[in-house]
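There are 2 protein chains.
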Amino acid sequence: MRILILGGDGYLGWPTALRFSARGHEVTVVDNFARRRWHNEQSTGSLTPISGLADRVDAWREVSGKEIQSFVGGVEDGEFLDRVVADTSPEAVIHYGQQASAPFSMISRRHAVETQHANVIGNLNLLWSIREHVPNCHLIKLGTMGEYGTPNIDIEEGYIEIDHKGRKDTLPVPKLPGSLYHCSKVHDSTNIHFACRHWGLRATDLNQGVVYGVETEETVQDERLLTRFDYDELFGTALNRFCVQAMIGHPLTVYGRGGQTRGYLNIRDTLQCVELAASNPADLGEMRVYNQFTEQFSVKELAELVQKAGAEVGREVEIKSFPNPRVELEEHYYNATHSKLLDLGLQPHHLGEELVRSMLGKIDQYKDRVIQRAIMPKTSWSTGELHGQFAERVQSTREPQGAPVA
Amino acid sequence: MRILILGGDGYLGWPTALRFSARGHEVTVVDNFARRRWHNEQSTGSLTPISGLADRVDAWREVSGKEIQSFVGGVEDGEFLDRVVADTSPEAVIHYGQQASAPFSMISRRHAVETQHANVIGNLNLLWSIREHVPNCHLIKLGTMGEYGTPNIDIEEGYIEIDHKGRKDTLPVPKLPGSLYHCSKVHDSTNIHFACRHWGLRATDLNQGVVYGVETEETVQDERLLTRFDYDELFGTALNRFCVQAMIGHPLTVYGRGGQTRGYLNIRDTLQCVELAASNPADLGEMRVYNQFTEQFSVKELAELVQKAGAEVGREVEIKSFPNPRVELEEHYYNATHSKLLDLGLQPHHLGEELVRSMLGKIDQYKDRVIQRAIMPKTSWSTGELHGQFAERVQSTREPQGAPVA
Numbered sequence: 003m004r005i006l007i008l009g010g011d012g013y014l015g016w017p018t019a020l021r022f023s024a025r026g027h028e029v030t031v032v033d034n035f036a037r038r039r040w041h042n043e044q045s046t047g048s049l050t051p052i053s054g055l056a057d058r059v060d061a062w063r064e065v066s067g068k069e070i071q072s073f074v075g076g077v078e079d080g081e082f083l084d085r086v087v088a089d090t091s092p093e094a095v096i097h098y099g100q101q102a103s104a105p106f107s108m109i110s111r112r113h114a115v116e117t118q119h120a121n122v123i124g125n126l127n128l129l130w131s132i133r134e135h136v137p138n139c140h141l142i143k144l145g146t147m148g149e150y151g152t153p154n155i156d157i158e159e160g161y162i163e164i165d166h167k168g169r170k171d172t173l174p175v176p177k178l179p180g181s182l183y184h185c186s187k188v189h190d191s192t193n194i195h196f197a198c199r200h201w202g203l204r205a206t207d208l209n210q211g212v213v214y215g216v217e218t219e220e221t222v223q224d225e226r227l228l229t230r231f232d233y234d235e236l237f238g239t240a241l242n243r244f245c246v247q248a249m250i251g252h253p254l255t256v257y258g259r260g261g262q263t264r265g266y267l268n269i270r271d272t273l274q275c276v277e278l279a280a281s282n283p284a285d286l287g288e289m290r291v292y293n294q295f296t297e298q299f300s301v302k303e304l305a306e307l308v309q310k311a312g313a314e315v316g317r318e319v320e321i322k323s324f325p326n327p328r329v330e331l332e333e334h335y336y337n338a339t340h341s342k343l344l345d346l347g348l349q350p351h352h353l354g355e356e357l358v359r360s361m362l363g364k365i366d367q368y369k370d371r372v373i374q375r376a377i378m379p380k381t382s383w384s385t386g387e388l389h390g391q392f393a394e395r396v397q398s399t400r401e402p403q404g405a406p407v408a
Numbered sequence: 003m004r005i006l007i008l009g010g011d012g013y014l015g016w017p018t019a020l021r022f023s024a025r026g027h028e029v030t031v032v033d034n035f036a037r038r039r040w041h042n043e044q045s046t047g048s049l050t051p052i053s054g055l056a057d058r059v060d061a062w063r064e065v066s067g068k069e070i071q072s073f074v075g076g077v078e079d080g081e082f083l084d085r086v087v088a089d090t091s092p093e094a095v096i097h098y099g100q101q102a103s104a105p106f107s108m109i110s111r112r113h114a115v116e117t118q119h120a121n122v123i124g125n126l127n128l129l130w131s132i133r134e135h136v137p138n139c140h141l142i143k144l145g146t147m148g149e150y151g152t153p154n155i156d157i158e159e160g161y162i163e164i165d166h167k168g169r170k171d172t173l174p175v176p177k178l179p180g181s182l183y184h185c186s187k188v189h190d191s192t193n194i195h196f197a198c199r200h201w202g203l204r205a206t207d208l209n210q211g212v213v214y215g216v217e218t219e220e221t222v223q224d225e226r227l228l229t230r231f232d233y234d235e236l237f238g239t240a241l242n243r244f245c246v247q248a249m250i251g252h253p254l255t256v257y258g259r260g261g262q263t264r265g266y267l268n269i270r271d272t273l274q275c276v277e278l279a280a281s282n283p284a285d286l287g288e289m290r291v292y293n294q295f296t297e298q299f300s301v302k303e304l305a306e307l308v309q310k311a312g313a314e315v316g317r318e319v320e321i322k323s324f325p326n327p328r329v330e331l332e333e334h335y336y337n338a339t340h341s342k343l344l345d346l347g348l349q350p351h352h353l354g355e356e357l358v359r360s361m362l363g364k365i366d367q368y369k370d371r372v373i374q375r376a377i378m379p380k381t382s383w384s385t386g387e388l389h390g391q392f393a394e395r396v397q398s399t400r401e402p403q404g405a406p407v408a
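In order, the protein sequences belong to chains U and A.
3 is the number of the first residue of the first sequence in our numbering; add one for each residue after it.
3 is the number of the first residue of the second sequence in our numbering; add one for each residue after it.
Honestly, the hints are just simulated from the structure, not real lab data.
Any given hint could be a false lead.
For chains that are exact copies, the list does not tell them apart, and a pair is met inside one copy or across any two.
No farther apart than 25 angstroms at their CA atoms in a straight line, the calculated lysine to aspartate or glutamate pairs in the DMTMM-like style are these [as the list claims (entries may be wrong)]:
1. Lys-170 - Glu-333
2. Lys-380 - Glu-134
3. Lys-167 - Glu-297
4. Lys-170 - Glu-297
5. Lys-322 - Asp-60
6. Lys-170 - Glu-158
7. Lys-167 - Asp-345
8. Lys-322 - Glu-297
9. Lys-167 - Glu-333
10. Lys-380 - Asp-345
11. Lys-342 - Asp-165
12. Lys-322 - Asp-84
13. Lys-380 - Asp-370
14. Lys-369 - Glu-225
All chains, please: the whole structure from these sequences, using the hints.
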């Protein structure tokens, strides 16, 4: 299959490129290195030492004898993207080419605008290019479970049957995104749904949970093939951050009471899910939505797991509660359906102490590279008290950290 | 009250500015004349001869003795908007400053991107400026009934209680927008809802139906105060277009079978609704949604009404079915709740033959200005056959007009 991977230099994009190339597909990656630039701006960086894209591609050729084609540019540049799509004529596009950090989108107006511009306009450009050049192409778009927020009802996979005043319809699940980044992904879903309904495109929206893990089958084959691993406030995700904190003797930074429950999955399962989506394409005119995670955990449960695994490798790990910079419920109902990928054949790698221990071991190898300053949260997502209709949904237990706006 | 009107040079923005100024409020308008520029690009224009903004402001001063302050610039320019908000310190912002044409957004990638960029980024800039400078300010945002599409259940005002697997929650109404313009308004709603829930801002989202009418209490006071009146394919709305067609002897251009049912309201009622929203502000933290229309009509019903009113002023009006350039159901269930503005005291101006006759009379006065070329639809919204899960929702009865993509 001819596969175009947007954001192919990133944490998930690069291992995905390797996976499809290893399976014999014709892989092209596109990246504008925005993620590397954002880290430069924050003076943070990947825990793992990562090669430049050209070096990665060279290393993969050496290791596997296979060629990955690459283009440097951004999806926000519609003409660039259009040329790439026309030239490569992909049968599947896997779109990771977005600003993917929630706290980044909340730093300032500039960061919020950069996030929504890159994500919404980039995705919109892609929809037009697919429509124009490869209308049968399967768009595999990375969404996020964070689009749904934490409603008081079960979270279905994209659509919900609503019975209202004696009539019924199956409609998109209502969304309660928790950051301007999450909002941007809801916007993307709305645009993609439109393009499928009105232009007859085909898409799979993978509403992914929080990904953890360092290695995949392919990245372990050569150190130059390593993918990035972030643990900083902006780009690090809960479990990855905790593992790094455990290894450098920093208390695990649990926000508030730690009852925030989300879906999680291993990076190896991300690759499995994307492969399953690609080999079972959506129908023309269909926007299929899969909830892509394997297990639900509260932040407190994760912290305790890391503490236990830490003890077994001789680390005394402290868990400490920090004021929550996010506006979110710390105790809430959470039950999200996630059966469709299992139905397609997903074999989950479950999270256990053994897996955490192996992550800790990998991190130990690079722990001298940890930038301490990046560990603590600095971005406050709200600066005022909340009132009105939705206050009970978002009541925070803390004092605002920033300057009050009211 | 200090009131800032974004898009204050437009069809609704200018009469709104006059209304609030007439009532003794301190009014500032902002516009970048994008609407005039888009008409220039299409070689179309307002049926009514409209003055430049500075001339309008002068005329209003002469007529009323009142001052309207104006700034020239676009909401997409975050720094400009931020200075205006800081300088004027508004108690209410009425946001009409958007690209508001559905067919415009479907012409090409450039038009789609311009629409979503102007609307989404402009609105996002505004949310940050309000948060930063006037967190108690009431945002009155013009949305559209078109955000909802035509679901098979009743359309509630913004929120719906969902009973699902034994649990309940009140959540945003799921949306099925019918163009990339309508998508942009859904994105705005998502961002505003976020800002209310997380930052404690207050907003009223007015999901407006299709507006018709030429005159308001203030615009009739002097010809230089006239608002624009569009009848072209891109910016003209159904009834306004039909009235112009009737007066120039062009058949009324009904798309397909004409069963498309939507909510409509008189321009005078738009002003009433916006006034009612401003004098009854939302609570802090609340995003209130009102469905802003007074009556539902099918396109066919409107055409017949114009035909009848035409006959009474001695015009023989032909109704003709044209291939539908839009992807929409031509027969569908439609029942939208719209009681909240009535509860606040809205006194609707109902649509009847008399009102249509008075519109026809006004149009007659300017009928030499009609640009014939602008009457027929040119933008096809889809270029392929539709398949899959949602095909039944959007099945069109016609052959595609543009080049097929598949």
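Now the hints, each set against the structure:
1. With identical chains, the CA atoms of Lys-170 and Glu-333 are at most 25 angstroms apart between copies only, with a shortest distance of 17 angstroms across copies and 32 angstroms within one.
2. In this homomeric assembly, Lys-380 and Glu-134 come within 25 angstroms of each other (Cα to Cα) only across copies, at 18 angstroms, whereas the closest approach inside a single copy is 43 angstroms.
3. When the C-alpha separation of Lys-167 and Glu-297 is checked against a cutoff of 25 angstroms, the pair qualifies only between copies, where the shortest distance is 21 angstroms, while the shortest distance within a copy is 36 angstroms.
4. In this homomeric assembly, Lys-170 and Glu-297 come within 25 angstroms of each other (Cα to Cα) only across copies, at 24 angstroms, whereas the closest approach inside a single copy is 31 angstroms.
5. When the C-alpha separation of Lys-322 and Asp-60 is checked against a cutoff of 25 angstroms, the pair qualifies neither within a copy, at 44 angstroms, nor between copies, at 64 angstroms.
6. For the identical chains of this complex, Lys-170 and Glu-158 are neighbours both inside a copy (16 angstroms) and across copies (14 angstroms), given an alpha-carbon limit of 25 angstroms.
7. With identical chains, the CA atoms of Lys-167 and Asp-345 are at most 25 angstroms apart between copies only, with a shortest distance of 21 angstroms across copies and 33 angstroms within one.
8. For the identical chains of this complex, Lys-322 and Glu-297 are intra-copy neighbours only, at 24 angstroms inside a copy versus 58 angstroms across copies, given an alpha-carbon limit of 25 angstroms.
9. Proximity of Lys-167 to Glu-333 under the C-alpha cut-off of 25 angstroms is restricted to the inter-copy arrangement: shortest distance 20 angstroms between copies versus 32 angstroms within a copy.
10. In the homo-oligomer, the alpha carbons of Lys-380 and Asp-345 never lie at most 25 angstroms apart, since the shortest distance is 41 angstroms inside one protomer and 45 angstroms across protomers.
11. Within a single copy, Lys-342 and Asp-165 get their C-alpha atoms as close as 23 angstroms, and across copies as close as 23 angstroms, so both meet the 25 angstroms cut-off.
12. Taking the shortest Cα distances, Lys-322 and Asp-84 never come within 25 angstroms of each other, neither inside one copy (49 angstroms) nor across copies (39 angstroms).
13. When the C-alpha separation of Lys-380 and Asp-370 is checked against a cutoff of 25 angstroms, the pair qualifies only within one copy, where the shortest distance is 23 angstroms, while the shortest distance between copies is 63 angstroms.
14. Taking the closest pair of Cα atoms, Lys-369 and Glu-225 come within 25 angstroms of each other only inside a single copy of the chain (16 angstroms); across copies the shortest separation is 75 angstroms, beyond that limit.
Violated hints for the displayed structure, listed by number in ascending order: 5, 10, 12.
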